[in-house]
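Protein sequence lines correspond, in order, to chains U and V.
Counting along the first sequence from 1, when you hit position 185 you're at 195 in our numbering, and nothing is skipped either side.
Counting along the second sequence from 1, when you hit position 87 you're at 97 in our numbering, and nothing is skipped either side.
Warning: the hint list may mix true and false statements.
[Stated by the list, open to error] The calculated lysine-lysine pairs, modelled on BS3-like cross-linking and capped at a C-alpha distance of 30 Å, are: (1) Lys359/U x Lys82/V; (2) Lys244/U x Lys413/U; (3) Lys82/V x Lys169/U; (4) Lys201/V x Lys136/U; (5) Lys181/U x Lys106/U.
Please keep in mind that the hints were generated in silico from the structure rather than gathered at the bench.
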Amino acid sequence: MSQTRRQKLASQFREILASDNVIDQPTSLAAYECDGLSAYREQPLLVLLPETIEQVQQVMRLCHQQRLPVVSRGAGTSLSGGALPHADGVVLSLAKMSRILEVDRLSRLAVVEPGVRNLAISEAVKSLGLYYAPDPSSQIACSIGGNVAENAGGVHCLKYGLTLHNILALKLVSAEGEIFEIDQRSLRADGYDLMPLLVGSEGMLGIVVEVTVKLLPIPRCARVVMGVFDSVEKAGDSVASIIAEGIIPAGVEMMDNPAIRAAEDFVHAGYPVEAEAILICELDGTEEEVLSQIELVENVLKKGGATETRLARDEAERLLFWSGRKAAFPAVGRLSPDYYCIDGTIPRKALGAVLRRVRELSTEYDLRVANVFHAGDGNLHPLILYDANNEGELEKTEELGSKILQLCIHHGGTITGEHGVGIEKLGEMCVQFSEAERNQFHALRECFDPLKILNPGKAIPTLARCAEHNAMHVHAGELPFPELERF
Amino acid sequence: MDPIEDVDIEAELATQIAAVSATGGEIEIFGSGSKRFYGEPMEALPIDVSAHSGVIDYDPAELVITMRAGCKLSEIEALLARNRQMFGFEPPYFGADATIGGMVASGLAGPRRAFAGSIRDFVLGVTMLDGRGEILHFGGRVIKNVAGFDVSRVMVGSLGTLGVILEVSIRVIPVPETELTLAFEHGSVDKHVRWINELGAEPYPITASSWVAGCSQLRLSGSEQGVRHAAGELGGDPGDDCWDQLKEQTLDFFDSTQPLTRISLPPTSDDLKGDWAQLIEWGGAQRWISGVVDIAALRLEAEAIGGSVCAFQRHGSDVPVFHPLPAAMLKLQRSIKSTFDPAAIFNPGRIYPGL
Numbered sequence: 011m012s013q014t015r016r017q018k019l020a021s022q023f024r025e026i027l028a029s030d031n032v033i034d035q036p037t038s039l040a041a042y043e044c045d046g047l048s049a050y051r052e053q054p055l056l057v058l059l060p061e062t063i064e065q066v067q068q069v070m071r072l073c074h075q076q077r078l079p080v081v082s083r084g085a086g087t088s089l090s091g092g093a094l095p096h097a098d099g100v101v102l103s104l105a106k107m108s109r110i111l112e113v114d115r116l117s118r119l120a121v122v123e124p125g126v127r128n129l130a131i132s133e134a135v136k137s138l139g140l141y142y143a144p145d146p147s148s149q150i151a152c153s154i155g156g157n158v159a160e161n162a163g164g165v166h167c168l169k170y171g172l173t174l175h176n177i178l179a180l181k182l183v184s185a186e187g188e189i190f191e192i193d194q195r196s197l198r199a200d201g202y203d204l205m206p207l208l209v210g211s212e213g214m215l216g217i218v219v220e221v222t223v224k225l226l227p228i229p230r231c232a233r234v235v236m237g238v239f240d241s242v243e244k245a246g247d248s249v250a251s252i253i254a255e256g257i258i259p260a261g262v263e264m265m266d267n268p269a270i271r272a273a274e275d276f277v278h279a280g281y282p283v284e285a286e287a288i289l290i291c292e293l294d295g296t297e298e299e300v301l302s303q304i305e306l307v308e309n310v311l312k313k314g315g316a317t318e319t320r321l322a323r324d325e326a327e328r329l330l331f332w333s334g335r336k337a338a339f340p341a342v343g344r345l346s347p348d349y350y351c352i353d354g355t356i357p358r359k360a361l362g363a364v365l366r367r368v369r370e371l372s373t374e375y376d377l378r379v380a381n382v383f384h385a386g387d388g389n390l391h392p393l394i395l396y397d398a399n400n401e402g403e404l405e406k407t408e409e410l411g412s413k414i415l416q417l418c419i420h421h422g423g424t425i426t427g428e429h430g431v432g433i434e435k436l437g438e439m440c441v442q443f444s445e446a447e448r449n450q451f452h453a454l455r456e457c458f459d460p461l462k463i464l465n466p467g468k469a470i471p472t473l474a475r476c477a478e479h480n481a482m483h484v485h486a487g488e489l490p491f492p493e494l495e496r497f
Numbered sequence: 011m012d013p014i015e016d017v018d019i020e021a022e023l024a025t026q027i028a029a030v031s032a033t034g035g036e037i038e039i040f041g042s043g044s045k046r047f048y049g050e051p052m053e054a055l056p057i058d059v060s061a062h063s064g065v066i067d068y069d070p071a072e073l074v075i076t077m078r079a080g081c082k083l084s085e086i087e088a089l090l091a092r093n094r095q096m097f098g099f100e101p102p103y104f105g106a107d108a109t110i111g112g113m114v115a116s117g118l119a120g121p122r123r124a125f126a127g128s129i130r131d132f133v134l135g136v137t138m139l140d141g142r143g144e145i146l147h148f149g150g151r152v153i154k155n156v157a158g159f160d161v162s163r164v165m166v167g168s169l170g171t172l173g174v175i176l177e178v179s180i181r182v183i184p185v186p187e188t189e190l191t192l193a194f195e196h197g198s199v200d201k202h203v204r205w206i207n208e209l210g211a212e213p214y215p216i217t218a219s220s221w222v223a224g225c226s227q228l229r230l231s232g233s234e235q236g237v238r239h240a241a242g243e244l245g246g247d248p249g250d251d252c253w254d255q256l257k258e259q260t261l262d263f264f265d266s267t268q269p270l271t272r273i274s275l276p277p278t279s280d281d282l283k284g285d286w287a288q289l290i291e292w293g294g295a296q297r298w299i300s301g302v303v304d305i306a307a308l309r310l311e312a313e314a315i316g317g318s319v320c321a322f323q324r325h326g327s328d329v330p331v332f333h334p335l336p337a338a339m340l341k342l343q344r345s346i347k348s349t350f351d352p353a354a355i356f357n358p359g360r361i362y363p364g365l
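This is chain U alone, in the form it adopts within the complex (with noise of 0.2 Å):
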């Protein structure tokens, strides 16, 4: 009968779209089954992949006058499971629509298709002087309409922002094919403003058909210095210390010893192996600034116990340094035949208790965790090694994951720092926000998609799937953390 279904959806999706650009052969849906987050897989009726605006709003008319689900998707980079198909819906592809429509030197800005890969349009600006700031660590491969579906970060976000801090205005197709536009080149939001409702709602909102970026100056000079230490305390406590200094770094990362051994395995940047911590600090701006402020916060580091510390004496050692930190994911990967990424923010003060209980953690469910931490802003990524071959490992380390979640929230933070919610984080959602405050959400939702057929089931829990996630919890054994008064 499905097969009946989508051959029908499939013809009258070709009155809009090119032959090809409608997929609807199994072997072909398989490569869109899951994002990034490949614990996931669901096969979708069809996968249509528009070329222009106007298909865009007659595929969505059609979607919603069938009421059928719609999950948009850009390069499947996803870490949370947010592209995850709808076995009774629609995958809309926004990868063919990747052109750089302008670029505007004086206005420092410019306006692209949804499916520019982020790293691109720093390609196409960099002669100019320009670049686009946000870097999540996919760059290379995540578009920009999934940056902003996701208000995606990266390392350099304590001075530079997310994606909602880069984006000047946004074009999207609504839940009913009818074009939007938020504008705010001119710095002004007339009544509320809704980018930062936008950016980030995870495709539930809108399709995002057209996105223009702001652009920043390329920074003259750029240094790094690192720092080794014997306790992570210690490296947490100097990067307050450097903040306390007044200085803004481009990016703070904190890597611990598991991490810094399987980097270390992996690329040869020269890590410490021994070390309980490293710290990679980088300052950018003119030349005066940063040499200043480098001295300086190489002073703070040692102050603060680190037992050693190294300037990367020219651009190739700088570029080294930072190699181990960016291999992290699959140098730990390396180690293990899977690994579970999970993406808590916490206030950095309660950065020694959190990785302490981690510890404990790991032990208790006998899985090995390596930590890397956006120290700046507070953003910790566990890495939990696990084998999906062994029985109930998976379960095993989603329980292990969802237990670090909750002990982020515990300690003033939250479940997601820039991953988002997907299909991944349903259940701690329940867990940080109150009945009332998911009301909110779903209120906000229908007022741009009445009839849900925007990416349904991701991000924001139905009242049922919450009362079944606390249900499951109490029925495991005691309340985690009964002080909460919301849980």
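Put chain V on the given structure of chain U with help from the hints.
For chain V alone, coordinates are given in the frame of chain U:
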């Protein structure tokens, strides 16, 4: 320095609002009244939230301050300054007793906004009372947070029409080591706008710009060496450190007997047609006109190039204060309002009819 008073009247406010909500009244959310001029006039029962005061959490190393909305802006800025920190958006007071709640609700920002970011960019979380008297928390106290729709930032500039802001967490920035103002002669608006935007493509530490009566000014902020070096490259004459007066609109340009119009344009836009006294800031994005203007004509002209016009102060009561929205957008925004405030009790009509 007296400590900031710690008074929590959250429960009383919730009870008050639930009562009004049940009886179908209307409320004007009131702090010090410093920004009451901003928006359409209203007649509703004032509810004073200025007593809801106190700093809930401030650890300078986290770069975040969480405080109750009734806190005086002056007291919070003094506290930040003692820790060599500040708000990055340079908020105007328009009254000595201006509150944090009013600052967030008005969304008004000063000269640094175009270079460091808006209040919205720095807000990390709010606790609010909705139109049912329910206490809701959105966002949080950490810099990176993508859990749930980002409602806290939508509160910025909503002028109290969505609910009562009880607490807010805001990211702060370090006070720059030094600042320097430079002055340059530019005969026309177009020359100034081109010049300041050309400079924007270079990595100079510019944190403010202005043009009035043929004189461009810019402010550099950062380390001694960085600022001195940039100043050496830029040239110009020593300027007048007038940024506070610009932010508070006490410069001579701001004639308190004349209507004041705020024009928001994509920064590199050409000068609008007309012969009037203008002050340009925010790299060209914010332009003030002092004097009588034809608002309707200006609105058409600005809208055509992606801008908007606000009848900021002292215009006739028949002139809508804010730039009208397209019908579909107004409908969407009204539906958003009703999700927070179904009985339309908060600041009725403060922005637009029904909003």
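Now for the hints, and whether the structure bears them out:
A hinted pair counts as satisfied when its Cα atoms are at most 30 Å apart, and Lys359/U with Lys82/V qualifies at roughly 27 Å. For the suggested pair Lys244/U and Lys413/U, the alpha carbons sit about 25 Å apart, so the restraint of at most 30 Å is met. Taken as a hint, the Lys82/V and Lys169/U pair is honoured in the structure, with Cα atoms around 28 Å apart against an allowance of 30 Å. With a CA separation close to 26 Å, the supplied pair Lys201/V and Lys136/U stays within the 30 Å bound.
Our distance criterion of 30 Å between C-alpha atoms is met by Lys181/U and Lys106/U, whose separation comes to about 17 Å.
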